[in-house]
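One letter stands for each residue in the lines below.
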Amino acid sequence: MGKRVVVTGLGVCAPNGIGLNDFTKALKEGTSGIRFDKQLQDLKFGCQIAAEPQLDEALINQYFTPLQLRGLNASGILYGVIAGTDAWKDAGLSISEKETPDWDSGIIFGTGILGVDKFRESIHLVDAQNVRRLGSTTVLQTMASGISAYLGGIFGCGNQVTTNSSACTTGTEGILMAYDRIVSGKAKRILTGSCSDSGPYVWGGFDAMRILPRQYNDNPTEASRPMSANAAGFVPGSGAGALVLESLDSALERGAKIYAEVLGGAVNSGGQRGEGSMTAPNSNAVQRCIKDAVDSAGIQSSEVDTINGHLTATAKDPTEIKNWTKALNRTGADFPYVNSFKGLFGHCLAASGSIESVGAVLQFKEGQVFGNINCEEIHPEILELIEVDKIPRKTIVHKPKIVAKASFGFGDVNACVIFKAFND
Amino acid sequence: MTGTEHYQKLQDIIKIYLPEDVSADNISEESHLINELNINSANLVDIVLDVEDAFDIRLENEDMDQMETVKDALQIIDKKLSEV
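As given, the protein sequences belong to chains A and B, one line each in that order. Okay, so the first sequence: first residue is 1 according to my numbering, each after it adds one. Okay, so the second sequence: first residue is 425 according to my numbering, each after it adds one.
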């Protein structure tokens, strides 16, 4: 019998709220974090809106020393350190002493690509035959594992310190990697999460694929329309979410507060076979991932009462709902409540799974299911599958018992995690 | 610029690279940057870049190798400035 795993700390640096209080309020009230982006306009992007955390110098100075900030030009590191530090403190954990690392604590903090702006800075210097001017932190800011390295150093973690990367599945996958390590007794606690840089060099490729909305530049808060009949594409976003996962034994021993239990989950890939491709999910794999997650959690699919979907606001949303109905074998009024936070803060790419998981878990604490926005008119194919009431358009009072959270990513990769209300 | 001004300027540069438990008061001309001030050796390259910017000089790899103490750094700076 493996260890039971619980969530004891949360932190978030999201486009519509930094810190748990602001983020919770924004989710409850349906406050958008999507804004017009002048830089994207100047660069002649089709999509000139984005969802980016609103940092200021005073806030940054609370998390970084002047030395750490010297030459720091990696927004993902800013977001990840803010979210990670908040989660660590929220869990009531201390920073290990100078000489000895905390062997029981680790970091699994993912990203898609890190320090893009720093990398750009370096490319210009290198091309100008000025490599000697790069400074000592270019490598640390542009290596993918820079984020776990920064966090591991701040807290003095002596267990596994690593960075996972699986496109938009990254954050959710990280939670399951942390879960596995704790279940097997290899770590007592893992700070897991993910971050994604802001800016045109990250988002440009998506604009080039014509999968971002182009007709909402004057109306940014209405652009991201998950499950809507007129969903127009996903709004690019950035930020970070973080969760402290811990063995129940350790949490009880410390007298830590417990947000939820992680019952299990699954990751898989559609192998880019069948209808699956580099960019489109294989529905069989998605269904299998959800079913495996339910099995791994040791529950019946009928027990899932709330879903936080991937639901990016593209034409694929009805397919995702169909996959949930098939995997859970539930339709109509029997379908769980379902929401997508992407209506509020777009698609934060590698950070999406962790930011959304933080939001999904907060629903236990609040006794609410946070509302969906911008889907006044739900896609007709979705309405053929599930009751309209199952898609709350405003935050509703509902104490979730089991929340299923899924993320899907380029490369045809899937992850689904099952959270349970903790009331032992 | 006088020698005192150089020293002041160099102190301001070094200060930022001190670990949290070393105060700026510990900086003296005799201080060894790594062994006494506990500056991370990786940061020496940053100090060199900051010195280049502050004094408008260029330091070569050999200069950096010789820069063990604050005094060494001041001597190298003076030498470079006299060559300009």
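A couple of the hints might just be wrong.
[What the hints assert, rightly or not] The list that follows gives simulated cross-link-like pairs (lysine-lysine, DSS-like), each with its CA atoms no further than 30 Å apart:
{"hint": "1", "chain 1": "B", "residue 1": "K439", "chain 2": "A", "residue 2": "K98"}
{"hint": "2", "chain 1": "B", "residue 1": "K439", "chain 2": "A", "residue 2": "K89"}
{"hint": "3", "chain 1": "A", "residue 1": "K3", "chain 2": "A", "residue 2": "K420"}
{"hint": "4", "chain 1": "A", "residue 1": "K257", "chain 2": "A", "residue 2": "K401"}
{"hint": "5", "chain 1": "A", "residue 1": "K420", "chain 2": "A", "residue 2": "K28"}
{"hint": "6", "chain 1": "A", "residue 1": "K3", "chain 2": "A", "residue 2": "K186"}
[What the hints assert, rightly or not] If you want a taste of the chain B side facing chain A, the calculated C-beta under 10 Å gives, among others:
{"hint": "7", "residue": "I440"}
{"hint": "8", "residue": "Y441"}
{"hint": "9", "residue": "L442"}
{"hint": "10", "residue": "P443"}
{"hint": "11", "residue": "A466"}
{"hint": "12", "residue": "D489"}
{"hint": "13", "residue": "Q490"}
{"hint": "14", "residue": "T493"}
[To be verified] Some chain B residues flagged as far from chain A (calculated, every beta-carbon gap over 10 Å):
{"hint": "15", "residue": "T428"}
{"hint": "16", "residue": "Q432"}
{"hint": "17", "residue": "K433"}
{"hint": "18", "residue": "Q435"}
{"hint": "19", "residue": "A448"}
{"hint": "20", "residue": "I481"}
{"hint": "21", "residue": "Q499"}
{"hint": "22", "residue": "E507"}
{"hint": "23", "residue": "V508"}
Derived from the structure by calculation, the hints contain no laboratory data. Beta carbons are placed, not taken as given, at the ideal position from N, Cα and C, and that holds for glycine.
Against the structure, the hints:
Proximity of B/K439 to A/K98 is assessed by CA-CA distance (about 21 Å); at most 30 Å being required, the pair is judged to hold. In summary, the hint linking B/K439 to A/K89 is supported, as the alpha carbons are separated by about 29 Å, within the 30 Å threshold. For the hint pairing A/K3 with A/K420, the CA-to-CA distance comes to about 15 Å; that is within 30 Å, so the pair holds. Under the criterion of a C-alpha separation no larger than 30 Å, the hint pairing A/K257 with A/K401 is consistent with the structure, at around 17 Å.
With a CA separation close to 20 Å, the supplied pair A/K420 and A/K28 stays within the 30 Å bound. Between A/K3 and A/K186 the alpha-carbon distance is near 10 Å, which keeps this suggested pair within the 30 Å criterion. The closest approach between the C-beta of B/I440 and any C-beta of chain A is roughly 6 Å, which is under the 10 Å cut-off, so the hint is satisfied. Annotation: B/Y441 was flagged as interfacial toward chain A, and the flag holds, the nearest CB pair being 6 Å apart, inside 10 Å.
Restraint check, B/L442 versus chain A: the minimum CB separation of about 8 Å is within 10 Å; hint holds. Below 10 Å, beta-carbon pairs count as interface contacts, and B/P443 has one with chain A at about 9 Å; its hint therefore holds. A hinted interface residue such as B/A466 counts as satisfied when its beta carbon comes closer than 10 Å to some beta carbon of chain A; here the least separation is about 4 Å, so the hint holds. Interface restraint check for B/D489: the shortest CB-CB distance to chain A comes to about 14 Å, outside 10 Å, so the restraint is violated.
The interface hint given for B/Q490 is broken, as the beta carbon of that residue sits about 17 Å from the closest beta carbon of chain A, more than 10 Å. Because the beta carbon of B/T493 sits about 20 Å from the nearest beta carbon in chain A, more than 10 Å, this interface hint is broken. Listed as outside the interface, B/T428 is consistent with that label: its C-beta sits roughly 25 Å from the nearest C-beta of chain A, beyond the 10 Å cut-off. Once the 10 Å rule is applied to beta carbons, B/Q432 is consistent with being away from chain A; the minimum gap is 18 Å.
With 10 Å as the threshold on Cβ separation, the claim that B/K433 sits away from chain A holds: the shortest Cβ distance comes to roughly 17 Å. No Cβ of chain A approaches the Cβ of B/Q435 within 10 Å, the least distance being about 15 Å, so the stated non-interface status holds. Distance check on B/A448: its Cβ is at least 12 Å (rounded) from any Cβ of chain A, clearing the 10 Å threshold; non-interface status holds. Remark: the non-interface label on B/I481 is consistent with the geometry, its nearest Cβ contact in chain A lying 14 Å away (cut-off 10 Å).
Non-interface status of B/Q499 relative to chain A is upheld: no Cβ of that chain comes within 10 Å, the nearest being about 21 Å off. Once the 10 Å rule is applied to beta carbons, B/E507 is consistent with being away from chain A; the minimum gap is 19 Å. With a minimum CB-CB distance of about 19 Å to chain A, B/V508 clears the 10 Å threshold, and the non-interface call stands.
Of the numbered hints given earlier, the model fails hints 12, 13 and 14; all others are met.
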